[in-house]
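Asker: Based on these hints, arrange chain P on the given structure of chain D.
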Amino acid sequence: MLRFITSRFLQSLLALFLVITATFFMLRFVPGGPFTAEKAVTPEILRNLEAHYGLNKPLWQQYLDYLGSLLQGDLGPSFKYPNRTVNEIIADKVPVSAELGALALSLALILGIGLGTLAAVRRNTWVDYTASTFGMAGISIPTFVVGPLLVLFFAIHLGWFNASGWYGPLDRVLPSIVLGLAYAAPISRLTRGGMLEVLNQDFIRTARAKGASEFRVVTRHALRGGLLPVISYLGPAVAGILTGSFVIETIFQIPGIGREFVNSAFNRDYTLVLGTVILYAALIMALNLLVDVVQAWLNPKVRLEA
Amino acid sequence: MTLFLRVATPVTAATLTCATLLVAGCGRRETTVESGLRTQTLHVGNQSEPPDLDPHTNNSSIVGYIHDALLEGLVRLAKDGATVLPGVAERWEISPDGRTYTFHLRTGAVWSNGDPVTAEDFVAGFRRFLDPKLGCEAANFLFSVERARDFLEGRTKDFADVGIKAPDARTVVFRLAFRAPYFLALLTDSHLRPLHRPSLEKFGGVDRRGGKWTQPGNFVTNGPFVLTEWKPHTVIVVTKNSRYWDAARVGLEAIRFYPTEDSAAEERAYRAGQLHVTMEVPQSKIEAYARSVPSELRSAPVLRSNFVSFSTQRPPFNDARVRRAFALAIDRERLAASVLKGRGEPAFSYVRPGTGGYAFPPFHRFDPAEARKLLAEAGFPGGAGFPKVDYAVGSRNQDNLAVAQALQEMWHQTLGVKVGIASMEFKVWLDVLRTKTFAFTADNWNMGINDPSEMLALGVTGDPNNDAGWSDPRYDAAFAAVNSAPDEPARRAAIARCEQLIAEEAPYAPVYFSIQNRLVHPTVVGWHNNPLQKTDWTALSLARPK
Chain D
1 MLRFITSRFL
11 QSLLALFLVI
21 TATFFMLRFV
31 PGGPFTAEKA
41 VTPEILRNLE
51 AHYGLNKPLW
61 QQYLDYLGSL
71 LQGDLGPSFK
81 YPNRTVNEII
91 ADKVPVSAEL
101 GALALSLALI
111 LGIGLGTLAA
121 VRRNTWVDYT
131 ASTFGMAGIS
141 IPTFVVGPLL
151 VLFFAIHLGW
161 FNASGWYGPL
171 DRVLPSIVLG
181 LAYAAPISRL
191 TRGGMLEVLN
201 QDFIRTARAK
211 GASEFRVVTR
221 HALRGGLLPV
231 ISYLGPAVAG
241 ILTGSFVIET
251 IFQIPGIGRE
261 FVNSAFNRDY
271 TLVLGTVILY
281 AALIMALNLL
291 VDVVQAWLNP
301 KVRLEA
Chain P
307 MTLFLRVATP
317 VTAATLTCAT
327 LLVAGCGRRE
337 TTVESGLRTQ
347 TLHVGNQSEP
357 PDLDPHTNNS
367 SIVGYIHDAL
377 LEGLVRLAKD
387 GATVLPGVAE
397 RWEISPDGRT
407 YTFHLRTGAV
417 WSNGDPVTAE
427 DFVAGFRRFL
437 DPKLGCEAAN
447 FLFSVERARD
457 FLEGRTKDFA
467 DVGIKAPDAR
477 TVVFRLAFRA
487 PYFLALLTDS
497 HLRPLHRPSL
507 EKFGGVDRRG
517 GKWTQPGNFV
527 TNGPFVLTEW
537 KPHTVIVVTK
547 NSRYWDAARV
557 GLEAIRFYPT
567 EDSAAEERAY
577 RAGQLHVTME
587 VPQSKIEAYA
597 RSVPSELRSA
607 PVLRSNFVSF
617 STQRPPFNDA
627 RVRRAFALAI
637 DRERLAASVL
647 KGRGEPAFSY
657 VRPGTGGYAF
667 PPFHRFDPAE
677 ARKLLAEAGF
687 PGGAGFPKVD
697 YAVGSRNQDN
707 LAVAQALQEM
717 WHQTLGVKVG
727 IASMEFKVWL
737 DVLRTKTFAF
747 TADNWNMGIN
757 DPSEMLALGV
767 TGDPNNDAGW
777 SDPRYDAAFA
787 AVNSAPDEPA
797 RRAAIARCEQ
807 LIAEEAPYAP
817 VYFSIQNRLV
827 HPTVVGWHNN
837 PLQKTDWTAL
847 SLARPK
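Residue numbers (the working numbering), protein chains in the order written: chain D, 1 to 306; chain P, 307 to 852.
No lab work stands behind these hints, which were simulated from the structure alone. Take these hints with a grain of salt, some might be off.
Using 30 Å as the maximum straight-line C-alpha spacing, the simulated DSSO-like pairs for lysine-lysine come out as follows [stated by the list, open to error]: (1) P/Lys-724 <-> D/Lys-57; (2) P/Lys-537 <-> D/Lys-39; (3) D/Lys-57 <-> P/Lys-537; (4) D/Lys-39 <-> P/Lys-647; (5) P/Lys-694 <-> P/Lys-679; (6) P/Lys-518 <-> D/Lys-39; (7) P/Lys-508 <-> P/Lys-471; (8) P/Lys-439 <-> D/Lys-39; (9) D/Lys-39 <-> P/Lys-463; (10) D/Lys-57 <-> P/Lys-546; (11) P/Lys-724 <-> P/Lys-742; (12) P/Lys-471 <-> P/Lys-518; (13) P/Lys-591 <-> P/Lys-647; (14) P/Lys-679 <-> D/Lys-39; (15) D/Lys-39 <-> P/Lys-471; (16) P/Lys-439 <-> P/Lys-537.
Excised from the complex, chain D in its bound form (with noise of 0.2 Å):
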């Protein structure tokens, strides 16, 4: 299990790394640059932009240069935001968006395994077609209708919530039930698909011939197999919820982590891009090689095949 671990964490090293250094000369190729402005400065000003940053430095250099901060841990300064560095700003956000992704997984936890789990129980009967019902329409209609929706009847018309902000618990309520119910929906129907395959199998029969609850079939038995392709699912998926969400966080003016994820590419904001491109990769990858062990933890035929 170490050797598998480790060889999986030296992988990652070099896919990060690969990343980094196409997202550095990428940006680079990209028409228009941090400093381009709606009004156009003389030449010399530009100049002197430049040379402030070393964006007047060779490429190699400047990349070395990154790289070599980067690994002192400093993303360096921020171009669109002048008074503050990358690593300020990912400390700012990052928190923000953790606190929405940790509420709204959460509940797409509760509510997808809980459905997906009567729907595979009580499978083609009107409790199925609910939940299964729920599930489509939670996959198909996108978070920027569901938003405004629950914005117009809970903030405006019952003026129960703000529209949009965060600053107090209740402006929590209803971007973690948006961004929870897109993420419960898939889930219920991975749980419901993993619970049945899982359900129909012989040790089940074996479980409920030596006559144990069907309550206790279900939670003990069933669910730990059933639940395999979920923790698949969870591996990206858990990365992106906390990586914040740029439609959500644009309907509802969250200082999270997701804007500047788009604003920077947009802003050219060189830094910044590679700030959060990095931070992404880097959850990603771990929560994979986390998913796995999970995966080999829950599945003795993974871990024999290991």
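Answerer: Chain P alone, transformed into the frame defined by chain D:
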């Protein structure tokens, strides 16, 4: 199975109970707008997160709105956006030749930490504004000052050469390179404010980018408000400055500026009672507001011109007849009525009439017959043989694409020319603009100076913002005559000559002038719109409407 459901039911019941409690807990609360009325706190949508609150490292209008609350210049703009009132300067004299401005500072003006505001603070602010190291995009504002441009572009390193002096602690003198009748009004601009040097030096030095002196607690201000909170992408709070020399005039206790990037989300926040004033109104909502609550919809013309820029150095638009044909084929009235619908008014001159107090006759018109005739003369009768050209459109402004499609149709109908639309991401478009790799494009200009000369400069040979790449010695001479005009009639004539040449040669074809729409809550007293979009925050207060 039944057991499973037996467990599931209490869970559902518990969830429902929690939900009910939550709902009972919130109920309809006092909205932000209502509590603002109690505390005299104004909640304002401010479009996006300011890059920094440093007035000299950016040219962002949203930073300007906040500076109008924090810093006071020599003079300030009245609510109408035209009249100039005393600020830190209590009086001033202008020499008969219109080239020397002498300002006398009042004695009561102090910084928020108690230091007096001196003439040297102003000189330091102007020097920093022109510092090539910081490279402010708006530095062209001071090109009328003697040798200011030389200092900015490095032809002199000594600021003593520049025509800005402080002979004593209470006097600031400007020597202009030419007669600039707009200079007094220009000094109300948010970039041209005094600088509290000790606090900049404390945080890394005066000529440093990105110093922490603009943070709450560090930012020493001299205006009606002080900065008390700045949570990035959440809110910027300013509260009343008790040390402001005219604090009695200030009605509000605090202003909260919210970055509201998404105008649809901003409008929902307004409806939910979170904002007193929005920065804009989503296109799709303008008509509904105009119908249902017209008193809350405040529409006003702003100094933003939208025009077509032709690449005059490359075929087919290197031929003035082709450019004129395309310009004459634009039916501006139809465009304003059917596409813009309250977001723009037809532009029949390059510079908006009324800018700087100048009136223009309509230089441009819709004339399909003349347009077809010119195109035929240029060798493309009925559009036959006209090369395939793309109209480049930057994607930032939603109106751009709709307008471009309408223009595409007009050029097709009138000239028989098939034009493609190349829609591109904003910075890609800017790059295309700078490298002049377009045929013609949807261009615009936001005026920072309320005077035609700022926009007319875009036609001068070699100007960095001359997107058309146009060069005409007659125009360069006419523009030089605007600045060297000894008196007002001569200046007016020179400006008209520039407009005339732009109409004849058509490097730029005006399309429409923008209108800004904002939502203003009925409890806001003293709200005013003006073309420069400047708000006098001291003139506002909150009261229940009678």
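Asker: Would you mind marking each hint as holding or not holding in the structure?
Answerer: Now the hints, each set against the structure:
no.	hint	result
1	P/Lys-724 <-> D/Lys-57	45 Å, violated
2	P/Lys-537 <-> D/Lys-39	28 Å, holds
3	D/Lys-57 <-> P/Lys-537	34 Å, violated
4	D/Lys-39 <-> P/Lys-647	28 Å, holds
5	P/Lys-694 <-> P/Lys-679	20 Å, holds
6	P/Lys-518 <-> D/Lys-39	26 Å, holds
7	P/Lys-508 <-> P/Lys-471	25 Å, holds
8	P/Lys-439 <-> D/Lys-39	17 Å, holds
9	D/Lys-39 <-> P/Lys-463	24 Å, holds
10	D/Lys-57 <-> P/Lys-546	46 Å, violated
11	P/Lys-724 <-> P/Lys-742	22 Å, holds
12	P/Lys-471 <-> P/Lys-518	28 Å, holds
13	P/Lys-591 <-> P/Lys-647	11 Å, holds
14	P/Lys-679 <-> D/Lys-39	36 Å, violated
15	D/Lys-39 <-> P/Lys-471	28 Å, holds
16	P/Lys-439 <-> P/Lys-537	28 Å, holds
The structure is inconsistent with the numbered hints 1, 3, 10, 14, although it conforms to all the rest.
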